Amino acid sequence: MPDQAQLLPGTLDLLILRAVSLGPLHGYGILLRIAQISGQALMVEQGALYPGLFRLVRQGLLKTKWGVSDANRRAKFYELTSAGRKRLQDETDSWNRLAAAIATALSAQPGEL
Amino acid sequence: MRILAALRARWSALVHRSAMRDELEEELRDHIEHRADDLERGGISRLEAERQARIEFGGFEHYREESHRAQGWHWAQTLLRDTRFGLRILKKSPVFAAAAVLTLALGIGANTSLFTLVRGILMRPLPVRAPSRLVVIWDSNPGIGLTRVGPSGQDFLDWREQKMHAFEDLFLFEHGTGTVTGNGDPEQVAGLRVTTNFGDFFGIAPVVGRTFLPQEENARRTLVILSDRYWKRKYQGNPAICGQSMTLNGENYTIIGVLPASFDELFPIDVVVPFDIGWLHRADSDLGVFGRLRPNVTVRQAAAEMSGTMARIARQRSDRKGFGTVLLPLGSVRMEYIRPALMVLQCAVGFVLILACANVANLMLSHGMSRRQEIAVRISLGATRNQIVRQFLVESSLLAILGGVAGLLLALGSVHLWARFGPTQIPVPNSAYEVTLPQVHLGASEILFTLLVSLATGILFGLIPPLRLFGGNMQAALKNGGRGTIGEVRGKRTRTVLVIVEGALALVLVVGASLMIKSFSRLLAVNPGFEPNRVLTLRIKLSEDAAGSPYRDAGKRGAVFHDFLERVRSIPGVQSAALTQIVPLSQDDMDRGPFAIQEKPGSDVTPSADYRDISPGYFETMRIPLLQGRSFAESDDTKHPRVVVIDQTLAREYFGTENPLGKHVVLPGGSPVPRQVIGVVGAVRDSSLSGAPEATIYFPFMQGPDQTISMVVRTAVPQDTLLSAIRNAIWSVDRNQPIFEVRSMPEIMGNVTSAPRIAFILLDILALVALVLAAIGIYGVTSYNVGQRTQEVGVRLTFGATPNAIVYMLMRQATTLTLVGVAAGLLCAWLMTRFMSSLLYGVSSTDPAIFLGATILVTIVATVACYIPARHVGRINPLEALHSE
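Protein chains in written order, with our numbering: chain Z, 1 to 113; chain U, 1001 to 1885.
The set of hints was computed from the structure by calculation and includes no laboratory data.
Computed from a predicted structure; not experimentally measured.
Where a beta carbon is used, it is the ideal one built from N, C-alpha and C, also for glycine.
Heads up, a few of these hints could be off.
Here are the computed lysine to any residue pairs in the SDA-like style, where the Cα-Cα straight-line distance is at most 20 Å [said to hold, decoys possible]:
id	chain 1	residue 1	chain 2	residue 2
1	U	K1492	U	A1070
2	Z	K65	U	A1070
3	Z	K76	U	H1068
4	Z	K65	U	E1026
5	U	K1518	U	L1852
6	Z	K63	U	E1026
7	Z	K63	U	E1025
8	Z	K76	U	A1070
9	Z	K65	Z	A105
10	Z	K76	U	R1054
11	Z	K76	U	L1028
12	Z	K63	U	Q1071
13	Z	K76	U	F1060
14	Z	K76	U	K1492
15	U	K1518	U	D1764
For each label pair, taking beta carbons as the anchor points, the in silico distance ranges come out as [claimed, not checked]:
id	chain 1	residue 1	chain 2	residue 2	range
16	Z	T64	U	H1441	40 to 50 Å
17	U	L1080	Z	T64	37 to 47 Å
18	U	L1047	Z	T64	49 to 59 Å
19	U	E1061	Z	T64	15 to 25 Å
20	U	S1445	Z	A101	54 to 64 Å
21	U	K1163	Z	Q89	53 to 63 Å
22	U	E1061	Z	G23	30 to 40 Å
23	U	R1124	Z	G23	53 to 63 Å
24	Z	Q89	U	A1456	34 to 44 Å
25	U	L1831	Z	R58	49 to 59 Å
26	U	I1459	Z	A101	42 to 52 Å
27	Z	G23	U	S1262	15 to 25 Å
Covered stretches of chain Z, going by a simulated chain U footprint (3 or more residues, C-beta under 8 Å) [said to hold, decoys possible]:
id	segment
28	17-26
29	51-57
Work out the full structure: start from the sequences and follow the hints.
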């Protein structure tokens, strides 16, 4: 797949939280949602998603319950906890600050120094 | 049950790992199915779709493991694996495991036992509202040698009037007894007279009814509150008790409530009655006053405010000049007698635990040395240091927990023994009052404590071997095989420290125990001034308070006491019987006051003495020797001249070399009547065995008989057989006369020696355990060192060294270490034994003979412990030694 960006370390958690914040999803659904909201630019290796999910559950940022998917299959659904919601907010803010700073740094011209 | 089920689920998940795995696998498979659904919709066959989905997913096994780890179960599995491995190792060396577990069981068991006692007795809060804010207030007058005198009703009223800021409330009480009639046998009940703020002061929630109302102080009211035990015993716990009446001291009292059972711990009484304002004004000293401090006020602040108040009161009442107060927290006062003993024992069990740890660390070190090849192999196969250390820690914790469980059983046994043989009542110094010790039992906190101690010791001695092992060179060990030098040098240093510590701790404990032995034998050898064996004591109180009681007349009181005495004396088996106001050492109310000697007016010192009313025959019954003159006769009554007998202490202190006979003592107050001294008797230790006898004046009771008196009976046969005969003899004079506090004299003496006795018995046991542990430890270290040097010994023997020279060489090293340990122990003992000086009688806490004796004992034991393994090597065949590998 061309034009796909490599995921920076630590960004997977942020993406998962963001995807789940839009509504409860099962694992495969989270993958599709990440692809969709990133305009197909970010793809997560499928298996790598699960260790990340379990880590977030253990940290109390996500909660799970078993349900039935659109495809009428049994699936485990993930939802944000209130701690998860707060973490998403914090991580988003700090990501934006970092991105803006890097963008500024990269666009600096010799004359501006 | 739900917690148990959850635990079981978790355990099985952990052990079988299937439930958790199943769910995880199911979820991953769902993912692949969903992906296959999508791919299938793209137009490929189901089979092909599933294959592709699986490929896209990536390494299934890898992600499954990773996910599993992310769920946080990894550490538990590692722990389980280490534990299984550790158990296998221990099973392979059962002697090592058994020795370590037993040693730890001794150390931990002793600590758990003592923790149970300390927590149950010293740390247990009283069952009242905010008990930590309660203080006891005494009068004191250092100028005339009075420390801690019970205040009077007037003192209490003065203090209450001052509205001191430090106190939320003040409470006054008086212990006493009352006669209950009209409900079965006449009975003497233990009573408490209290100010009417009683209920609120202690925060009492009565089981039935109410407590007193503060305004009920304003007039005399015959209201009574029952204790739970009395209510259950006499009224079978009838809840409709309120409003019923009972006859107390011949008056009708209305029952208004029942106290909770827990209150028994503070005041083990039967009935509570109120003070009224008139009574408060009349009540003489020797009452009890408690203060409730405001929150965040310290005892020191309260004492400071109190001394200002006393100065103000002294300006208004000249008789209070020179008086101050003493304030102490209630909780600490109650346990003042037993606390030093428990604290000394607390130190001792701590030492025993350290000794146990040192021994086990030594065992672990030797055991670890024999495993150095196994460890080197594991390291070369990629095990990290952390993993090796963790493995050692798991093993030592396993040993410690097994030791802890065995220790817990030991503690259960000890607590049981305590309940059976330990003291149940202890005296409260300077008060006519005994505290009933609360029952101790092993509960959840004690189990938690054991677990914590076990884990702490496990970590402590588990860390030593790996730290020492990593001091050496792993590679060398691997190459060298069994003869590696890994860690040996540093291991030796650790052992050196262990031997020194063991010698030192054993010495401290042996010194402490020897001091207790010497002190206790001195205490038992103290001559109390009378012969306690075969003496029975009992107390009689005439119902003088009741309206219309014949005993309001002093003559009638004397006559009836005389009749009681005559009847008891005529019982076969009774050698003699007499009456006394106070039974020596019984913690009865002391009566003490000033006197003057008529023949020596204007002396600088105000003489003061204990007053005792006694009947004729008292000195003979108690076998108190008559030194000069005569003792009282039946004729010394109100119709004859007033006479007294003084004791040797008074004669020596106030008459010196003069002959006191024929001199006169005068008591102040009222109309001073001179009383002629007719005799001098031997001194008696009345208040404590360890204190010096106080100056005492004996009065013939017939010249002013009191309401309450004790009878002392010397019997020729065992006392128990005579008790009912004595009761019947008294009842044949007055069927309604209660008899109470029946105790034998040896029993009374047992109570005042209980704290030193506990310290004496337990400290001896602990010192013995310590000595044995130290001997085992020193033996272990020496035999290990000797074993390491077997080859060297072989070489020396081959080159002509005599076995004796070898033994000498091996022992010199060990003995030097022991001597260093003993020297360190002497210093520690010298610094520490002063803390037990309050338990010691007749021996200094740094008694040189005891220090010398203990040093010799520990040195001998340590030398023997070195000699046994050393001798073994000295006898070895040189050829065998050379080939030993």
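Checked hints:
1. U:K1492 / U:A1070: 44 Å, violated
2. Z:K65 / U:A1070: Status holds; Cα separation ~18 Å.
3. Z:K76 / U:H1068: 16 Å, holds
4. Z:K65 / U:E1026: Holds, because 14 Å separates the two Cα atoms, which is no more than 20 Å.
5. U:K1518 / U:L1852: Distance of about 14 Å is within 20 Å: holds.
6. Z:K63 / U:E1026: 18 Å, holds
7. Z:K63 / U:E1025: Status holds; Cα separation ~18 Å.
8. Z:K76 / U:A1070: 17 Å, holds
9. Z:K65 / Z:A105: With Cα atoms ~44 Å apart, Z:K65 and Z:A105 exceed 20 Å; violated.
10. Z:K76 / U:R1054: 19 Å, holds
11. Z:K76 / U:L1028: 10 Å, holds
12. Z:K63 / U:Q1071: 13 Å, holds
13. Z:K76 / U:F1060: Distance of about 18 Å is within 20 Å: holds.
14. Z:K76 / U:K1492: This hinted pair is violated, its Cα atoms lying about 60 Å apart.
15. U:K1518 / U:D1764: 12 Å, holds
16. Z:T64 / U:H1441: 40 to 50 Å: The hint (40 to 50 Å, Cβ to Cβ) holds, given that Z:T64 and U:H1441 are roughly 45 Å apart.
17. U:L1080 / Z:T64: 37 to 47 Å: Given about 26 Å between the Cβ atoms, the range is violated.
18. U:L1047 / Z:T64: 49 to 59 Å: 31 Å, violated
19. U:E1061 / Z:T64: 15 to 25 Å: 23 Å, holds
20. U:S1445 / Z:A101: 54 to 64 Å: Given range 54 to 64 Å: holds, Cβ gap about 55 Å.
21. U:K1163 / Z:Q89: 53 to 63 Å: Since the Cβ atoms of U:K1163 and Z:Q89 sit about 58 Å apart, the hinted range of 53 to 63 Å holds.
22. U:E1061 / Z:G23: 30 to 40 Å: Once the Cβ atoms are compared, 32 Å apart, the range 30 to 40 Å for Z:G23 and U:E1061 holds.
23. U:R1124 / Z:G23: 53 to 63 Å: About 57 Å separates the Cβ atoms of U:R1124 and Z:G23, which means 53 to 63 Å holds.
24. Z:Q89 / U:A1456: 34 to 44 Å: 43 Å, holds
25. U:L1831 / Z:R58: 49 to 59 Å: Holds, since U:L1831 and Z:R58 (Cβ atoms, about 52 Å apart) stay within the stated range.
26. U:I1459 / Z:A101: 42 to 52 Å: Holds - the Cβ-Cβ distance for U:I1459 and Z:A101, about 46 Å, lies within 42 to 52 Å.
27. Z:G23 / U:S1262: 15 to 25 Å: 58 Å, violated
28. 17-26: violated (count 1)
29. 51-57: holds (count 6)
Hint compliance for this structure: hints 1, 9, 14, 17, 18, 27, 28 are not met, and every other hint is.
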